[in-house]
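If you're matching them up, the sequences are chains B and Z in order.
Taking the numbering used here, the leading residue of the first sequence gets 1, the next gets one more, and so forth.
Taking the numbering used here, the leading residue of the second sequence gets 1, the next gets one more, and so forth.
Hints are computed from structural coordinates only; laboratory data are not their basis.
Fair warning: there could be bad hints in the mix.
[Stated by the list, open to error] Covered stretches of chain B, as calculated for chain Z (at least 3 residues, CB under 8 Å): (1) 28 to 34; (2) 57 to 68; (3) 116 to 130; (4) 145 to 159.
[To be verified] Quick list of in silico lysine-lysine cross-link-like pairs, DSSO-like style, CA-CA up to 27 Å: (5) LYS23/Z to LYS159/B; (6) LYS159/B to LYS492/Z; (7) LYS491/Z to LYS159/B; (8) LYS491/Z to LYS148/B; (9) LYS148/B to LYS21/Z; (10) LYS148/B to LYS359/Z; (11) LYS273/Z to LYS359/Z; (12) LYS492/Z to LYS161/B; (13) LYS44/Z to LYS161/B.
[Stated by the list, open to error] Here are a few chain B residues that sit away from chain Z, every Cβ distance over 12 Å (derived from the structure): (14) TYR44; (15) ARG49; (16) PHE50; (17) THR52; (18) TRP53.
Yeah, the Cβ is synthetic: ideal placement off N, Cα and C, and Gly gets one too.
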Amino acid sequence: MDEILRRYRRPVYQYSHRLCRNAAEAEDVAQDVFLRVHLCRSTYVPSGRFSTWIFGIAHNLVMDRLRRRRWWAPWPKTDSDPGQDVEFRSPDPSPQDAVAGREMSGLVQACIQELPLLQREALVLREYHDMGYEDIANVLQMSLGAVKTLIHRARCALKEKLLPYIEEGKGACHE
Amino acid sequence: MNERHIIDQLNAYLDNELSEKEKAAVEEHVGRCSDCAQELARLKTLSETLRNWNAPEPSAHFDQAVRDKILSRELETRRVAMKMPSRRILIPSGLLAGLVLLVFINSYLARGLQGRMPIGVLRESTDDIGEQFAPGYSGQDDAKESAKYGRTEAQKVSRDQYEPYYYQASLEAPQAGGVSENVQTYNGVARDRAVLMDGGRVDASHVIRDKPATLAFMVAGTQAHGAVRSSVVSGKRAANATTASKTIVQELPGEGPVIVIQPVLPATGEGEKIIRTAQVQLEVEDGKEAYKKLNEICAAAGGYLASSNLVRDNDGRTSGHITMRIPQAKFTEVLDTLRDFGKVKNIATDSADVSQEYKNVKARLDAAMVVYNKMLEALQQRKNTIDQAARLESELTPVLAKIEALKNQLESLDNQVSYTTIAVYFFEPRVSLKVLEHTKQTIRESAITASINFVKFLARILPATVAWAVVILVLVIGGLLVKGWIIRIFKK
Numbered sequence: 001m002d003e004i005l006r007r008y009r010r011p012v013y014q015y016s017h018r019l020c021r022n023a024a025e026a027e028d029v030a031q032d033v034f035l036r037v038h039l040c041r042s043t044y045v046p047s048g049r050f051s052t053w054i055f056g057i058a059h060n061l062v063m064d065r066l067r068r069r070r071w072w073a074p075w076p077k078t079d080s081d082p083g084q085d086v087e088f089r090s091p092d093p094s095p096q097d098a099v100a101g102r103e104m105s106g107l108v109q110a111c112i113q114e115l116p117l118l119q120r121e122a123l124v125l126r127e128y129h130d131m132g133y134e135d136i137a138n139v140l141q142m143s144l145g146a147v148k149t150l151i152h153r154a155r156c157a158l159k160e161k162l163l164p165y166i167e168e169g170k171g172a173c174h175e
Numbered sequence: 001m002n003e004r005h006i007i008d009q010l011n012a013y014l015d016n017e018l019s020e021k022e023k024a025a026v027e028e029h030v031g032r033c034s035d036c037a038q039e040l041a042r043l044k045t046l047s048e049t050l051r052n053w054n055a056p057e058p059s060a061h062f063d064q065a066v067r068d069k070i071l072s073r074e075l076e077t078r079r080v081a082m083k084m085p086s087r088r089i090l091i092p093s094g095l096l097a098g099l100v101l102l103v104f105i106n107s108y109l110a111r112g113l114q115g116r117m118p119i120g121v122l123r124e125s126t127d128d129i130g131e132q133f134a135p136g137y138s139g140q141d142d143a144k145e146s147a148k149y150g151r152t153e154a155q156k157v158s159r160d161q162y163e164p165y166y167y168q169a170s171l172e173a174p175q176a177g178g179v180s181e182n183v184q185t186y187n188g189v190a191r192d193r194a195v196l197m198d199g200g201r202v203d204a205s206h207v208i209r210d211k212p213a214t215l216a217f218m219v220a221g222t223q224a225h226g227a228v229r230s231s232v233v234s235g236k237r238a239a240n241a242t243t244a245s246k247t248i249v250q251e252l253p254g255e256g257p258v259i260v261i262q263p264v265l266p267a268t269g270e271g272e273k274i275i276r277t278a279q280v281q282l283e284v285e286d287g288k289e290a291y292k293k294l295n296e297i298c299a300a301a302g303g304y305l306a307s308s309n310l311v312r313d314n315d316g317r318t319s320g321h322i323t324m325r326i327p328q329a330k331f332t333e334v335l336d337t338l339r340d341f342g343k344v345k346n347i348a349t350d351s352a353d354v355s356q357e358y359k360n361v362k363a364r365l366d367a368a369m370v371v372y373n374k375m376l377e378a379l380q381q382r383k384n385t386i387d388q389a390a391r392l393e394s395e396l397t398p399v400l401a402k403i404e405a406l407k408n409q410l411e412s413l414d415n416q417v418s419y420t421t422i423a424v425y426f427f428e429p430r431v432s433l434k435v436l437e438h439t440k441q442t443i444r445e446s447a448i449t450a451s452i453n454f455v456k457f458l459a460r461i462l463p464a465t466v467a468w469a470v471v472i473l474v475l476v477i478g479g480l481l482v483k484g485w486i487i488r489i490f491k492k
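One chain only, chain Z, in its complex shape (with noise of 0.2 Å):
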C-alpha cells in the first residue's frame, strides 16, 4: 500500500461516517486501487463474521426483578427517611430535652444540698399526712378520749417510710368533762389559744421540721380546765395554729413555713415541782465547731454537761451530742440560743410533774423528824435506865437512816426540778459546703493525677510508637515499591 490508500476512511466509510462527497471519493478510489478494495472486502467479510456472535436474552423474570428492585428500593429510601427525622425535629427536640435534663439535674441538686428526700415525694408525704392524721387528732376526738378514759395515753406520730421521726406523749388530764365542753365551744385554733389565754400550760410540745415539708405536732394541756389538747397542723394549716399557741413561725426564703415552737415555761405555782426535759436535733455546718459552742452555751448558762460524744463517719461528716444540766430559770433562754445556733430538724420539750411526790416525800420527812425528835428528847430524859437507852437509841438509828434517805430523795428532786435536761443532737447534713469543697478538692485532684499520669503514659509509650510508625511506613513504602516494580516488569 503506498501512501495515496485510504485504510483509515475504510473503517469510516464502512460504518457510514462519511459526508455524501467523501463517501463518492473513497468509492472513486476503491474502484481503481485493488488493495484498498481488498482491505474494504476484508472489512466487510470481519463485520459479517462478527455478527455470528449472538448474544442471550435476558430471562423471563427479567422486568420483574427490575420492578422488585425498584420496589425495595423505594421502601428502603422510605425507611431511611423515617428513621432519619430531619434537623428540624432533631434540634429542637435535642434542645428540649437537654433543658429539661438540666432543669431536672438542677432541681435534684438543689434539694440534695437542703434535704434528704427529693422535693415530690416530701409533698408528697405532707399531704398524706395532712389527711391522715388531722382528723385523727382532732380536739373532738381528744375530747372524747378524755373524756372516756380521764387520761391521755402516749400516742404516737410517725411521718411515714421516709421520715423517721415520731413523736410520744403521756398527758394526765384528771378532769375530762370540762373538755368535753371546751371543745364543743370551741373548734380548730381558737381551740388551743382559749386553752392558753386561761391561763393553762404547754405540758408537753413537739415540733417535727423538715425541708421543704413542715410538720408540727403540737399537744397542749392545762392544769386548769383538765383538758387535754391536741392538735395537728401541717401545711397552710400550721401558721394559724402554731401562732395560737405563742409559736414563732419564720418564714425562710425557698424553704416554706418553718415553725419553731416556744416551750412555755410551767405556771408554775408555790411549791410546784416540775421536771423538765427537752431533745433538740440540730444540723449543723461544722461538727467540731458545733460541739465545742454547745459547751460554751452551757457554761454561759451555769450549767453542767451530763455526757457529751463526737463521732466522725467514714465520709468525714461529724456528728455526735450533748447533754447538758441547765439550770431552770436558764431553760427557755437556753432553747432560743439552740434555735437559733443550727437548722432545727426535731426540738420536742417535755415536763414530769413530781410536785405530789415532792409532798409526800417532804411529809415522810417532816413525820420522821418528828419521830427522831420525840426520841431523842426521850434518850436524853435521865430517868431512862440503861435497857431504855440502849433501846430507843437501837430504835432511833432506822429512823435516822429514813431521815437520811428521804432527805437525799429530796435533794435529788430539788436537783431535777431545778437543773433542767436537754439533749442536743447534732450532725452534718449528707451534702454540705464542706463536703462540697472536699469532694472539688478530690475531683481536682485527681484529674491533675489523671492528668500527669496521661502525659507520663504518652512519654513512655511514645519511643515504641514512633518506632512502630516508621518500622509500618519502611513496610508501606517497600510494598509500593515492589508493587510498582512488578508492574513495571509485567507491562515489559
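Chain B extracted, bound-state conformation (with noise of 0.2 Å):
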C-alpha cells in the first residue's frame, strides 16, 4: 500500500482536485481511492495497466461525489454531448475575472472549469496525466471514438476562450 501510495497520492489528489474544485473535497475524494484500493486489493485482476484502474476509481468516486450534489443545487445545466453528465456552476472567478488578474493559471482554470464534465475529465487525463486515447476511453468506460470526441471538442472550446487572450498578451508584450 505504501508503494502505491507513494507513486499514484500525487496524480490521484490533482486529478480530484481538477475535477472536484474544492481542496478539501478532493482530498477526501483522492483518500476514498484509496480506501477503495485496498478494500478491493484481493478481488483486482490485472487485465490492464493497474493506472487506469485506479483512475477508474477515482473517476466513479468523483462521478458519486457531483451526483450527490444535485440535491442541493439550484438548478442544473444541462450538457450538450449525449450521455454526459449534468455540470454545475464554478464558485471560482469567470474568465473575465481571471484575465482581470492577468493570472495565467486561473484563467486555464476557469476556462476548463467551463467546460462539460466528460470533456473536462478526457481533457484532464490527456493534458495533465498524458493518459492515451485507449487507456482515457477503459476510465471513462465509453468508446475510443467518443474520447477523441470528447478531446476534440474541449480543445475547440478552449481554443475559443483561450486564445484570444493568449495572442492579446503576446501582443501587450510586444508593445
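Relying on the hints, combine the two individually framed chains into one complex.
See the structure below:
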C-alpha cells in the first residue's frame, strides 16, 4: 500500500482536485480512492494497466460526489453532449475575472471548469496525466471514438476562449 | 479550409496517437498546407498554455489520513462481523430458545391447570417440610412429650407461606408411661401399626393433599395404651406410613402419590359416647352441580343440612360450603362418597369423647329422679298436712326443672353423638375447563368483534384514503410535468 500511495498519491489527488474544484473535497475523494483500492485489492484482476484501474476508481468516486451535489444545487445545467453528466456552475472566478487579474493559471482553470464534465475529464487525463486515448476510454468506460470527440470538442472550446487572450497577451508583451 | 485539410487528425498527431505511416502523411500534409500548419501551431500553443494550471500537492498528512481510514474501516467491518453472528449460530440458537420457551410455557400452563403453584416451588416446599417436620413429630419426641405431661396439647402444622393449610389436634393420653416403652420397642412405621393392631383407634386424622406434592399428617392415639402417636409423612415415606395405618394410597397418573386416609371409627364399647366431626375441602369442576349433589348425598344418608351457602365470585367461579348432619352409622360411607366426588384438597376428622360427661349427666338425672320420686311419694301420702304438702310441692318444682334440664342435656349429647357433623367446603379451580372454555369463547368473540370493527374502520376511511391518494397522485404528476417543462425551457 505504501508503494501505491507513493506513486499515485499526487496524480490521484490532482485529478480529483481538477474535477472537484475544492481542496478538502478533493482530498477526501483521493483518500476514498486509496481506501477502495485497499478494500478491492483481493478482487483486482490485472487485465490492464494499474493506473487505468485506479483512475477508473477515482472517476467513479468523483461522479458519485458530483451526483450527490445535485440535491442542493438550485437548477441544473444540461450538457449538449449526449450521455454526459450534468454540470454545475463553478464558484471560481469567471474567465473575465481571471483575465482581469492577469493570472494565466486562474484563466486556464476557469476556462477548463466551464467545460462539460466528461470533456473536462478526458482533457485532464490527456493533458495533465499523459494518458492515451485507449486508457482514457477505459477509465471513462466509453468508446475510443467518443473519447476522441470529447478531446476534440474540449480543445475547440478552449481555443475559442483562451487563444484570443493569449494572443492579446503576446501583443501586449511585444508592445 | 477545404475538404483535403486534416484538422481531425491533428489532435491525434499532437497526442501521438497515430501510426508511423499516418504520422508521416500528416507531416507531409502540414508541410504543404499552411492552414493545417497554423492549426497545429495553435493546438500546440493551447497545449503549452494548459500546462500553466498547476494543481496543488496533497497535504503532508495525506498518507496518514488514508491509513487511518483503512484502519477505521477494518475495525468497523470486524465490529459488524462480531455484531452479526452467522446464520449457523443464529438459527440453531433461535430454535433452541424457542423450544425452551415452548417447554416452559407448556409446563407452566400444565401446572397452572393442576394447582396454584409452579412445580418447582412446591417440590422445594415439600422437601423442606420433610426435613423440618419429620424429626419434630417423630414418635420418640411425642412419647417424651406424653411421658412428661401426660397430654399432647394442640399441635399446629403449617406448610409454609405458599400453603395456608394447618392442622390442630388435641389428644389426651392418660397413661403416658406405656408410651415410652412402646416407642422404644417400635420405630417408624411399625409403631403405628402396632398401636392400631392392638385395638387402638384413631382419635383424629388429618390429610393435606396438594398436587404435585403431598403432605400427609396423621395423629393416631389409643385409649387402650394411653399412647399418643404422631407421624408426619411426606413425599416418598407417605406410602409406607399411611398403608400401615389403614389408609388407602391411590396412584393417579401424573399427580404423584395421593394419600387418602380411611377414617377409623372409634372402637366404641358399650355405653361409649363419641362426637365425631369432619372437614373436607373439595375442588370440583362445577360448583352448582356440586352443591346439588352434596344435598342429595346428605338426604340419601338420612341426614339433614345444618347450614349451607353458595357464592359466585367475579371470575365466574362458584364456591360454597355445606354443613351436614349425618347419622353416625353413615359417617364413613359419606366420607367415602365425598372422596370420590371431587379432588380432595384437605380432609380432617376429629372426635370428642363425651362418655364421662354423659354418664355424669345420666347419674345426676337418676339421682334427681330418685329425689323426685321420693318427694312425689311423700306428697301423695295422706298423712301430710296442708302446710307440709305445700312445702313439698314447692321443693318438687326445682327438682322437676333440674330433671328436665338434665334430660335436655342428655338428649343434646345423644343427638350430637348419633348425628356426626361433616363440613364440606367446595370450590372451582382457578383454571378449570369451564373457565378455559369461557376464556376461549371470550377471545373468539373479541376477535370477531375486532375484525368487524376493523372492516368497518377500513370502510369508513376508504373514501378519504382514495381521495387523498388521488390528490397526492395528481400533485406528483403535476410536479413532474412542471419539472420536465422547466428543464425543457432550460435546454432550449
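Against the structure, the hints:
Counting residues of the region 28 to 34 of chain B whose C-beta sits closer than 8 Å to any C-beta of chain Z gives 4, which meets the bar of three, so the coverage hint holds. Only residues whose C-beta sits within less than 8 Å of a C-beta in chain Z count toward coverage, and the region 57 to 68 of chain B has 0 of them, not enough to reach three; the restraint is violated. With 4 residues carrying a beta carbon less than 8 Å from a beta carbon of chain Z, the region 116 to 130 of chain B meets the three-residue requirement, and the given coverage holds. Remark: the region 145 to 159 of chain B is confirmed as covered by chain Z, as 6 of its residues place a Cβ nearer than 8 Å to a Cβ of that chain, reaching the required three.
The suggested pairing of LYS23/Z with LYS159/B holds, with an alpha-carbon distance near 23 Å, which does not exceed 27 Å. Restraint check: the Cα-Cα separation between LYS159/B and LYS492/Z comes to about 25 Å, which is no more than 27 Å; the hinted pair holds. Using a Cα cut-off of 27 Å, the hinted pair LYS491/Z and LYS159/B holds, with the two alpha carbons roughly 24 Å apart. For the suggested pair LYS491/Z and LYS148/B, the alpha carbons sit about 25 Å apart, so the restraint of at most 27 Å is met.
Proposed proximity of LYS148/B and LYS21/Z is supported: the alpha carbons are some 19 Å apart, at most 27 Å. Annotation: proposed proximity of LYS148/B to LYS359/Z is violated, straight-line Cα distance about 138 Å (limit 27 Å). Using a Cα cut-off of 27 Å, the hinted pair LYS273/Z and LYS359/Z holds, with the two alpha carbons roughly 9 Å apart. For the hint pairing LYS492/Z with LYS161/B, the CA-to-CA distance comes to about 23 Å; that is within 27 Å, so the pair holds.
For the given pair, LYS44/Z sits about 15 Å from LYS161/B by alpha-carbon distance, which is consistent with the 27 Å threshold. Taking the minimum C-beta to C-beta distance to chain Z, about 16 Å, the non-interface status of TYR44/B holds against the 12 Å cut. For ARG49/B, the requirement that its beta carbon stay farther than 12 Å from each beta carbon of chain Z is met, with the minimum near 16 Å. Chain Z leaves PHE50/B outside its interface by the beta-carbon criterion, the shortest separation being 17 Å against a cut-off of 12 Å.
Distance check on THR52/B: its Cβ is at least 16 Å (rounded) from any Cβ of chain Z, clearing the 12 Å threshold; non-interface status holds. With a cut of 12 Å on Cβ distances, TRP53/B stays outside the contact zone with chain Z, its closest approach being about 17 Å.
The structure is inconsistent with the numbered hints 2, 10, although it conforms to all the rest.
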